[in-house]
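Enquirer: Residues per chain, in single letters:
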Amino acid sequence: MPETTMRAALNDALKLAMRDDPDVFVMGEDIAGGANAPGEDDAWGGVFQVTKGLVGEFGRERVIDTPISETAFLGMAIGAANTGLRPVVEIMFVEFFGVCFDQILNQASKFRYMYGAHAATPLTVRTTYGVGGLSAAQHSGTLYSLFAHIPGIKVVVPSNPYDAKGLLLASIADDDPVLFFEHKAMYDVVGDVPTEAYKIPLGKADVKRRGDDVTIIALGRMVRLAEQAANQAKAKGISCTIVDPRTISPLDETTILECVRETGRVVVVDEGHPRCGMASDIASIVAQKAFEDLKAPVSLVTPPHTPVPFASNLEALYVPTVEDVTAAILAVVNEQGNKREK
Amino acid sequence: MALSNEKLVAAYSQMRLIRAFEDYLHEAAEENNIFGFAHLYAGAEACAVGVCYHLEQTPQDIVTSTHRAHGHFIAKGGDVVRLAHEIFGRRDGSGGGKGGTMHVADWAVGMHGGNGIIGASAPHALGAAFSAKFKKTGGVAVAFGGDGASNQGAVFEAMNFAKAYALPVVFVLEDNGYAESTHKTYTTAGDPVSRAAGFGIPATAVDGADFFAVIDAAGTAIERARTGGGPSFIHCDVPLFHAHFEGDQETYRADGEVAKLRADRDCLKNFRDRVIGEKLVAEAELDRIDESATQQAAAAIAAAKNAPQPPSDALYTDVYATY
Numbered sequence: 021m022p023e024t025t026m027r028a029a030l031n032d033a034l035k036l037a038m039r040d041d042p043d044v045f046v047m048g049e050d051i052a053g054g055a056n057a058p059g060e061d062d063a064w065g066g067v068f069q070v071t072k073g074l075v076g077e078f079g080r081e082r083v084i085d086t087p088i089s090e091t092a093f094l095g096m097a098i099g100a101a102n103t104g105l106r107p108v109v110e111i112m113f114v115e116f117f118g119v120c121f122d123q124i125l126n127q128a129s130k131f132r133y134m135y136g137a138h139a140a141t142p143l144t145v146r147t148t149y150g151v152g153g154l155s156a157a158q159h160s161g162t163l164y165s166l167f168a169h170i171p172g173i174k175v176v177v178p179s180n181p182y183d184a185k186g187l188l189l190a191s192i193a194d195d196d197p198v199l200f201f202e203h204k205a206m207y208d209v210v211g212d213v214p215t216e217a218y219k220i221p222l223g224k225a226d227v228k229r230r231g232d233d234v235t236i237i238a239l240g241r242m243v244r245l246a247e248q249a250a251n252q253a254k255a256k257g258i259s260c261t262i263v264d265p266r267t268i269s270p271l272d273e274t275t276i277l278e279c280v281r282e283t284g285r286v287v288v289v290d291e292g293h294p295r296c297g298m299a300s301d302i303a304s305i306v307a308q309k310a311f312e313d314l315k316a317p318v319s320l321v322t323p324p325h326t327p328v329p330f331a332s333n334l335e336a337l338y339v340p341t342v343e344d345v346t347a348a349i350l351a352v353v354n355e356q357g358n359k360r361e362k
Numbered sequence: 005m006a007l008s009n010e011k012l013v014a015a016y017s018q019m020r021l022i023r024a025f026e027d028y029l030h031e032a033a034e035e036n037n038i039f040g041f042a043h044l045y046a047g048a049e050a051c052a053v054g055v056c057y058h059l060e061q062t063p064q065d066i067v068t069s070t071h072r073a074h075g076h077f078i079a080k081g082g083d084v085v086r087l088a089h090e091i092f093g094r095r096d097g098s099g100g101g102k103g104g105t106m107h108v109a110d111w112a113v114g115m116h117g118g119n120g121i122i123g124a125s126a127p128h129a130l131g132a133a134f135s136a137k138f139k140k141t142g143g144v145a146v147a148f149g150g151d152g153a154s155n156q157g158a159v160f161e162a163m164n165f166a167k168a169y170a171l172p173v174v175f176v177l178e179d180n181g182y183a184e185s186t187h188k189t190y191t192t193a194g195d196p197v198s199r200a201a202g203f204g205i206p207a208t209a210v211d212g213a214d215f216f217a218v219i220d221a222a223g224t225a226i227e228r229a230r231t232g233g234g235p236s237f238i239h240c241d242v243p244l245f246h247a248h249f250e251g252d253q254e255t256y257r258a259d260g261e262v263a264k265l266r267a268d269r270d271c272l273k274n275f276r277d278r279v280i281g282e283k284l285v286a287e288a289e290l291d292r293i294d295e296s297a298t299q300q301a302a303a304a305i306a307a308a309k310n311a312p313q314p315p316s317d318a319l320y321t322d323v324y325a326t327y
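Going down the list, the sequences are from chains Z and H. Under the working numbering, the first residue of the first sequence carries the number 21, and numbering increases by one thereafter. Under the working numbering, the first residue of the second sequence carries the number 5, and numbering increases by one thereafter.
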């Protein structure tokens, strides 16, 4: 399998979906870029170049640069999905849902329930999240738990290029509205990715490794940190299971609980805010359904309950690190770690 | 515009059915309100029916609606029996009883649903128009909205998008003067036609109690959309014969205001006077329609009143296609 970046894997998935199904189109701000401007067409290919080259292959009928009107174009994509098309929309940064959230909260999520089984909204919305590049408070958040809270929406959080491609193809083929979260600091991460099309089912966790002592459940970019921390713990004789849920709605509770029961110790690593977030949700599920199997309190590794700061020292302090995860692993097995003061 | 007797009879039948249906609903609400927030459409029948007069009652042409959706549902060809069942929260309603009065829909006839969030449905009409253009179906989308929605950003964004991308959509503003209990003169700057014209959208204002004025304006706008001319905007001034919602005591209205609207601006009376005067439809035929529409409305509501509620497991179904 060729080694491919996350960006290229996502780009490949979009091209394959568009070649396979003429009803798939992509839309967003500057996803080609350069429209009616005096310079190059396809000038940007998306702010992170994930959609680069699509307009050359599929034309502006299927690659639509929009005005900065998230409500209009997200709502339009919903209406297009309701009338036989399969839109893939990009909301450039997850914070931008602040101006169009109604279209997710009250519209796409509820049509089937309110209007009946015939009311399908086969919509995929790609967005970016996460700390990276000193993007500050309005372009760095990890807000996927807001969407997992809403019945009727599916939420996908890939952690590597292979999963990203298979999950995006599955999302586009899905008949429900799917929110697809891409970590902006992961686009250059490389991994082995097959060239052909394949789908990874939504709702199936991936057990990255199995161990005896601690189960780490990590999401998105935090999966890599978990792997590095598990390696550090291994040097101290602690073996870890790592579970990557891959989708948080649906959430593969079965796999999470099975792994938790095997080790009895749990660390959840999440870049999202700590209140009402995925880390606390997973901890709650574990407490309700595997309490008797726990040998230690569930440990959560998250940022503090603050917005994301700009200054590089504060940003570094904000986001969980490998050392934070290692410290949490050691703590749940009653060993001393280097936990940072926050 | 040449008007066939057959089409006029069909239009009057729909308008009378909306009126009769809501008269019965109003009575039922007075007895024992079991509808939640029911917003009656009566008074604006000529607007829904006049616009839908030019649309196919199929998924080719789409309407997106508002919280005041009963009129649009019937005008687009939805089944009044399923409508009644939905409003009463019954199993056999258009949404299986899980949508209710504000969320009545029948996508098979192109009625894409009432919507409880003001202005939110305008972008969905863009999407339907985009699909029509993308698939070259010749279809048109109509975004109904009220004067309240006319102050929502979603509607302005939709108008800008529709014009910039030349989508086959018609924005119909049903202006009854009130955004809930607050009068438009307190909240609204400028005038709706100038606002739409500011986007370069052909915009016109008509008396929404005059069916013939509505079909003229809608005919022009829908033809423009069908032939690739892009969006249009129609401002329909409509009277509101009931309260904002059933149960509202209407203390914001002047004494005698509604009685005067009913006397002076009744679209059904206007229609009758015109077609009888111009000998387009015989008075006796109109009387027969009145009687049969009233019977049809009564039967729908009687059936819904006694129909079964959804089964308990319906709580969990149709959240997702698969999960």
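Hints may be right or wrong, so weigh each one.
Once the Cα atoms are required to be at most 35 angstroms apart in a straight line, the calculated DSBU-like pairs of lysine-lysine come out as [claimed, not checked]:
| # | chain 1 | residue 1 | chain 2 | residue 2 |
| --- | --- | --- | --- | --- |
| 1 | Z | Lys254 | Z | Lys35 |
| 2 | Z | Lys72 | H | Lys139 |
| 3 | Z | Lys35 | H | Lys139 |
For the record, the hints were derived by calculation from the structure and aren't laboratory data. These figures come from a predicted structure and were not determined experimentally.
Enquirer: Each hint should be assessed against the structure and marked as holding or not.
Expert: A quick look at each hint next to the structure:
Distance hint between Lys254(Z) and Lys35(Z) is unfulfilled; the C-alpha atoms sit about 41 angstroms from each other, more than 35 angstroms. With a C-alpha separation of about 25 angstroms, the suggested pair Lys72(Z) and Lys139(H) falls inside the 35 angstroms cut-off, and the hint holds. Between the alpha carbons of Lys35(Z) and Lys139(H) the distance comes to roughly 20 angstroms, so the proposed pair stays at or under 35 angstroms and holds.
Violated hints amount to a single one, hint 1; each of the other numbered hints is respected by the structure.
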